[in-house]
Each structure stands twice: as structure tokens, then as C-alpha cells.
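Student: Now for the letters of each chain:
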Amino acid sequence: MIDKNKLTYYGYGMIALLLIWQGLSMIIALPIVPAPFDVMINLVKIFASKIMIHGGYSLWRIGAGVLLSILIGVPIGLVMGYFETWDRFLSPITYLTYPIPKIALLPIVMLSFGLGELSKILMIVLIIIFQVIIAIRDGVKAIPKEAYYPLYSLGANNKDIFREIIIPASMPKFLTSLRIAMATAISVLFFTETFGTQYGMGYFIMDAWMRVNYLEMYSGIVVLSMIGLLLFVSIDFIERHMCSWQSK
Amino acid sequence: MIDIKNVTVTYKSQDSDYVALENINLEIPDGEICGIIGPSGCGKSTLLKIFAGIITDYDGSVKIRGEAVMPNRQRIGFIPQNYGLLPWKNVYQNVTLGIKIKDGKDKISDGDVEHTLRRLGIGGLEKRYPNELSGGQQQRVSLARAFILKPDLLLMDEPFSALDAITREEIQDTFLEAWKEEPVSTILVTHHVEEVIYLASKIVILSNAPGKVQKVINNPIFGMENIRNRKEYISLSLELRRMMKEDWINDRQK
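These protein sequences, in sequence, are chains A and B.
As numbered in numbering that gives the first Met the number 0, residues 0 to 247 make up the first sequence, in order.
As numbered in numbering that gives the first Met the number 0, residues 0 to 253 make up the second sequence, in order.
By construction, these hints were calculated from the structure, which means they are not laboratory data.
Certain hints may be false.
Quick list of simulated restraints, FRET-style, between CB atoms [said to hold, decoys possible]:
id	chain 1	residue 1	chain 2	residue 2	range
1	A	D137	B	K106	35 to 43 Å
2	A	Y97	B	S39	40 to 48 Å
3	A	I99	B	Y10	39 to 47 Å
4	B	N130	A	I92	32 to 40 Å
5	B	D163	A	T7	39 to 47 Å
6	A	P74	B	K104	20 to 28 Å
7	B	K126	A	Q197	48 to 56 Å
8	A	V43	B	K106	54 to 62 Å
9	A	L18	B	D163	48 to 56 Å
10	A	D159	B	D163	47 to 55 Å
11	A	D159	B	I220	39 to 47 Å
12	B	K62	A	I99	50 to 58 Å
Straight-line Cα separation of at most 25 Å, DSS-like style, residue types lysine-lysine; simulated pairs [said to hold, decoys possible]:
id	chain 1	residue 1	chain 2	residue 2
13	A	K140	B	K88
14	A	K140	B	K230
15	B	K101	A	K158
16	A	K144	B	K214
17	A	K158	B	K88
18	B	K104	A	K158
19	B	K214	B	K201
20	B	K179	B	K201
21	B	K101	B	K179
22	B	K230	B	K214
23	B	K149	B	K101
24	A	K158	B	K99
25	B	K11	A	K144
26	A	K5	A	K172
27	B	K149	B	K106
28	B	K149	B	K179
29	B	K149	A	K158
30	B	K214	B	K149
31	B	K88	B	K149
32	A	K144	B	K101
If you're wondering where the values come from, they're calculated on a predicted model, not measured in any experiment.
Just so it is clear, CB atoms sit at the ideal spot from N, CA and C, and this is done for glycine as well.
So that you can see chain A by itself, here it is in the shape it has in the complex (with noise of 0.2 Å):
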């Protein structure tokens, strides 16, 4: 439900985009950069053929592994938000992995659990989950303690206090936290997907490139713009349903 306003301004990103991508085919004139009205053509042509599988299976693992990181990472976050203990025990171990280029883990994600759809999900999970347990524990911490006294004079337990207060508290900065994610997860998402696997718009993009098959390449490319695009909508789409109290 993008209201009509800002599906407008949509359109005018798009165009703009587009006005600088014909330029800069034009002004560079070779086969490296076609132009944006021949590659329209072509993903029309080839999207249900030969992309579609490709952006399916990107769609899944980025699916899932978000999924996942939610699922691990959302818990984690709120206990080390409320619980001073288990902050102090989890934060250093936090920060101590936090660094760690994850690429770097990718032979030993693979060694350990194979080529198949598995390590490309735990990658993109490694990456993520960082920024939503700190974006977490720091949406917990800065709710002010004054929120929690009408619940603690009604003798709430913890699960009342997470359920009504910490949980849609830091549910805006969980948000913003999946939203600067996702990029990652999607740069990536195509990294991992150029080994061990013929499914994935990586392996799409990097096999057209090979083929030096620059129209499908930019396909990819756009398909891949636009599976990011999705998600990015998606999120500000549950934003205004769960945090619809903010905006108002």
C-alpha cells in the first residue's frame, strides 16, 4: 500500500537512473555498457525463460537467512538489552566477533557445511545477526525506566514487561537495523553465490559475464536491483503497520 505520492517519486528515481545510464552508454559507446532500452528488452525476453529460477532461488536465501537471523538474534538482543548479566557476558563476545570480516569464514562455512544452500544461508546470517542483536539491545536500553513503573506497580512479570514494553519498543530500531542489513546480505548473497552452485542470480550475473553476454548480464543486474528493492519496500511496509504510532 505505497500511497500514489510516493509511488510518483518512484517513478521519477527510476527515470532518473535511467537518463544517466543511457548517457553514460552513449557517451561510452561500447558493448560493456548497452543501453538501458536494449536490456529492458532483453529481461523481457529472457525473464521467464531463464532468470526467474535464478532470482527465486536469491529471493529463498536471502528469505531465509533473514529469517534466521531474526530468530537467533531477536532474543539474543532483548535479554542483553534488559538483563544487565547477560550483557555484560554476551557484549564482549559480541564485539569480539562482530569485526571479523565474514568472507574471511566462508572456506571454513563451507568445509564445514558444505557447498549446498546451507552455507549460503549461515553467510548471510553471520553478517546480519550482528547488527540486529546490537540494534536490539540498544532499542532496549534506551527505553526510559519510567515506561516500565506503571507495569511494575500492576505486578507484571517479565514476559509482560517484554511482551508490552521491550518488544514494540525496539521494534523501529530493529527495523532500521534489518533495512542497513539488507544491503549487506545482498552483496553478499552474490559473493556466495559464484561457488558451488549453477541457482542464484550471483551465479546468473557472474556466468553472462563470462559468456561476455553483456545484455543478460545488465538483466541480472536490474533483477538483482529489484529483489532489493522488494525487500526494502517489505520493510517499510511492516513498519507502517506495526509502527504505525510512530509516523502519527
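Following the hints, put chain B in place on chain A, whose structure we already have.
Tutor: Just chain B now, with coordinates in the frame of chain A:
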């Protein structure tokens, strides 16, 4: 009856201990509004937090109907300074939060909610979120949440101080009307002399840091018609001011 015996609260900091409340003794009969008045920083809010079960580390004893304060046993309605509404819940959800936690979701009676909201002058705002409401409306929602809980004890921490004078008087009236319909034992903390005279049947003056009970006054004009226009109202507020000032000056000379 609420019985407070020898309550002392000490905040421990690294190098020194700070006594917030010293040897407080008070008895508040059921169905009374007890107004606690004192200068800023005299420990009024601390005292209220003890009743609310938020501060549990204190000396002495506080009993509500013979039982030690335990928020999961008693029904305590607490209205903090900033109204304590949860911004992610709409008016309906905020108002029913107390019942939901105390008795469970299925005990919420929509008829009750509607009646309470209308009585407090916020009927029809069920779907609004707190940041779509004016300060006065938020205060009414906060009162509705406390009243609908039918608490054993209602605690109010400077509830009306953020409102403009006209709104404040309106809501004070609304509060009194609602209270008269269901007289619940109330402890009201304020630094407003006129407010305590208008709303409290028993007035407790706390002295400055550490907070001690300086005087307890039974308000002779509580509940009278048209209080604000009466001579006694003005003379009592002058009298109260005089007592408080005396105490502050004494303190400073010490």
C-alpha cells in the same frame, strides 16, 4: 488503611550516603485522598515509588490493609509525572492494560471502557495513539487507566503539573467527580499548594532533604461546593504557604 512506620530511604552512592526520606510515619484511612506536598527534591516521588513497589530497598514498614506492599497482590494504580502511557498502544489498549495484566484479557469489559472514557471526557478516542492527543487528553487517558482498574490504592505523582491552568482545573474537577463515584484511597504528590487543598482530604507537608513529615492537616474544606471561590480556600493556601516557608527557612539556617 495504609500504614507507614519508620520508613527511611537511603540512596547509597560511592563516597556518601544520601538520606532521601527519614523516619516517615503516616496513617491513611481507606477512601481518603492524601495529598503530600513539599519542595522539589524532598523525596515525595521516592515515597510514592515505595507504595508502587518500584523501590523495595528501604527501612521500616509499609502496609496496605495489613499486608506488605506487593504489586502482584494488591491492585495499585500508578500515574507517573509523564502520564506513563505507552506510545505504541492506542487509547483503548492503554486504558485496558492494567486489567489485561491483573486479570487477563477476557476480563476486559468494553462497556466499562466506554463508560469510563466518556466519564473522563475522552469518549470516541479509543483508536488514537498518545502522540495524537493533547497533554490534557493524555492525562485523562492515564486517569481512565487507573480508575478502570478499580485499584486498592491510587498513586499520583504531580499528575497535573504539566498542564496549563485552565486544563488543570478542568481535569481536577473530572478527577474529583470520578473519585466521588468510586472513592478509592489515593495518594497525591504535588508541589502545588492550591491543588492539594482542592483535591486532598488529608494534607501532609514534607520538609526539605531529607524528607520528614512536618505537619499533617485534615483539610476542613475538602469536598465543599465551589471551593475555589471560598474565603477559606484562600486563607488555607496562605496558611500552608506560611508553614512551608517557615520550614524551608529553618532548614537553610541549620
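Student: Now look at each hint and say whether the structure bears it out.
Tutor: Each hint, compared with the structure:
Evaluation of the 35 to 43 Å hint for A:D137 and B:K106 yields a pass: the beta carbon distance comes to about 36 Å. Taking the beta carbon of each, A:Y97 and B:S39 are about 44 Å apart, inside 40 to 48 Å as hinted. Restraint check, A:I99 to B:Y10: a C-beta distance of roughly 43 Å satisfies the suggested window 39 to 47 Å. Between B:N130 and A:I92 the beta carbon distance is about 37 Å. The supplied range of 32 to 40 Å therefore holds.
In this structure, B:D163 and A:T7 meet the distance hint of 39 to 47 Å, their C-beta atoms being roughly 42 Å apart. Checked against the given bound of 20 to 28 Å, the beta carbons of A:P74 and B:K104, roughly 24 Å apart, stay inside it. The beta-carbon spacing between B:K126 and A:Q197, approximately 52 Å, falls within the hinted interval of 48 to 56 Å. The hinted range of 54 to 62 Å is satisfied by A:V43 and B:K106, whose Cβ atoms lie roughly 59 Å apart.
Between A:L18 and B:D163 the Cβ separation comes to about 54 Å, which falls inside the hinted range of 48 to 56 Å. Distance hint for A:D159 and B:D163: a CB-CB separation of about 35 Å, inconsistent with the stated range 47 to 55 Å. Evaluation of the 39 to 47 Å hint for A:D159 and B:I220 yields a pass: the beta carbon distance comes to about 42 Å. Taken as a hint, the range 50 to 58 Å holds for the pair B:K62 and A:I99, whose Cβ atoms sit roughly 56 Å apart.
Between the alpha carbons of A:K140 and B:K88 the distance comes to roughly 20 Å, so the proposed pair stays at or under 25 Å and holds. Between A:K140 and B:K230 the CA atoms are separated by roughly 51 Å; this puts the pair beyond 25 Å, and the hint is violated. Between B:K101 and A:K158 the alpha-carbon distance is near 13 Å, which keeps this suggested pair within the 25 Å criterion. With a CA separation close to 32 Å, the supplied pair A:K144 and B:K214 exceeds the 25 Å bound.
Taken as a hint, the A:K158 and B:K88 pair is honoured in the structure, with Cα atoms around 17 Å apart against an allowance of 25 Å. Between B:K104 and A:K158, the direct Cα distance comes to roughly 14 Å. Compliance with the 25 Å bound is thereby established for this hinted pair. The straight-line distance between the Cα atoms of B:K214 and B:K201 is roughly 10 Å, inside the 25 Å bound, and the hint therefore holds. Between B:K179 and B:K201, the direct Cα distance comes to roughly 16 Å. Compliance with the 25 Å bound is thereby established for this hinted pair.
Of the supplied pair hints, the one linking B:K101 and B:K179 holds, its CA atoms being roughly 24 Å apart against a limit of 25 Å. In summary, the hint linking B:K230 to B:K214 is supported, as the alpha carbons are separated by about 22 Å, within the 25 Å threshold. With a C-alpha separation of about 11 Å, the suggested pairing of B:K149 with B:K101 holds against the 25 Å cut-off. Restraint check for A:K158 and B:K99: the C-alpha separation of about 13 Å stays at or below 25 Å, so the hint holds.
Annotation: proposed proximity of B:K11 to A:K144 holds, straight-line Cα distance about 19 Å (limit 25 Å). For the proposed pair A:K5 and A:K172, the alpha carbon gap of about 23 Å is at most 25 Å, so the pair holds. Of the pairs offered as hints, the one joining B:K149 and B:K106 holds, with about 13 Å between alpha carbons and a cut-off of 25 Å not exceeded. Of the pairs offered as hints, the one joining B:K149 and B:K179 holds, with about 13 Å between alpha carbons and a cut-off of 25 Å not exceeded.
At most 25 Å may separate the alpha-carbon atoms for a hinted pair to count; B:K149 and A:K158 meet this at roughly 23 Å. Among the hinted pairs, B:K214 with B:K149 is inconsistent with the structure: their alpha-carbon atoms are about 30 Å apart, more than 25 Å. At roughly 21 Å between alpha-carbon atoms, B:K88 and B:K149 fall within 25 Å of each other, so this suggested pair holds. Restraint check for A:K144 and B:K101: the C-alpha separation of about 21 Å stays at or below 25 Å, so the hint holds.
Of the numbered hints given earlier, the model fails hints 10, 14, 16 and 30; all others are met.
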